[in-house]
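Here is what each chain is made of, one letter per residue.
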Amino acid sequence: GDSVTQMEGPVTLSEEAFLTINCTYTATGYPSLFWYVQYPGEGLQLLLKATKADDKGSNKGFEATYRKETTSFHLEKGSVQVSDSAVYFCALIRYGGATNKLIFGTGTLLAVQP
Amino acid sequence: KAGVTQTPRYLIKTRGQQVTLSCSPISGHRSVSWYQQTPGQGLQFLFEYFSETQRNKGNFPGRFSGRQFSNSRSEMNVSTLELGDSALYLCASSLPGSGGSDSPLHFGNGTRLTVT
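Chains as they are written, first to last, in this note's numbering: chain A, 17 to 130; chain B, -3 to 112.
Just so you know, the hints here were simulated from the structure itself, not pulled from any lab data. We put the beta carbon where it would ideally sit given N, CA and C, even for glycine. Treat the hints loosely; a few may be bogus.
Unchecked claim - Pairwise CB distance ranges (calculated):
hint: 1; chain 1: B; residue 1: 10; chain 2: A; residue 2: 75; range: 28 to 34 Å
hint: 2; chain 1: A; residue 1: 26; chain 2: B; residue 2: 69; range: 35 to 41 Å
hint: 3; chain 1: B; residue 1: 73; chain 2: A; residue 2: 33; range: 42 to 48 Å
As the list claims (entries may be wrong) - What the simulated footprint calls covered on chain B by chain A, stretch by stretch (three residues with Cβ under 8 Å from a Cβ of chain A suffice, anywhere in the stretch; the number is not a length):
hint: 4; region: 60 to 69
hint: 5; region: 80 to 91
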């Protein structure tokens, strides 16, 4: 079945460091890919998305490129801030189904220190 | 525009009891999905409703059920609670559409259920 694999956390960085969180997926067809972020005590917020191969999603300085050849959707940010500390989830939705069923990775905790 | 509202925020129940959680979607959103979040299993899809009909269901026992009303508000019910049902239950809404690519899911802050 469809699945998403994320790098284990926690990831601890100093402010202004470069961030990469790896995400790979297994899915039939051409899924849409997403990154969601969860701050403490809150629900999930959509960070960015990409719906087809080679699309680049971007938001708030974060970027991720849909790589079909490597089935990957790695999240990157050039300079992290303390306020970026949160749990990040990679997720997919299978293309073409009449459904909003998201399949999530296990989440990666990011802790940014001043 | 108000976001997805889930009530209550916190709930404590005893094993064997039943519980009902409520979700009010963003105005105009007709698709409502429910997810369970636990430290061990992560985020798992429970079910999705669209126009009062369940159109997808995850791999959960029949103790977990849901429904959607004509105003798109949704409830989920868990009967005969078990300790393992302790989790954060998240509701998400979206506009009609397929696959989430056209209309991303907007999540509420969840209901934290503790079963003792």
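Comparing the hints with the structure gives:
1. B/10 with A/75: 28 to 34 Å: 43 Å, violated
2. A/26 with B/69: 35 to 41 Å: 37 Å, holds
3. B/73 with A/33: 42 to 48 Å: Holds, at about 46 Å.
4. 60 to 69: violated (count 0)
5. 80 to 91: holds (count 3)
Violated hints for the displayed structure, listed by number in ascending order: 1 and 4.
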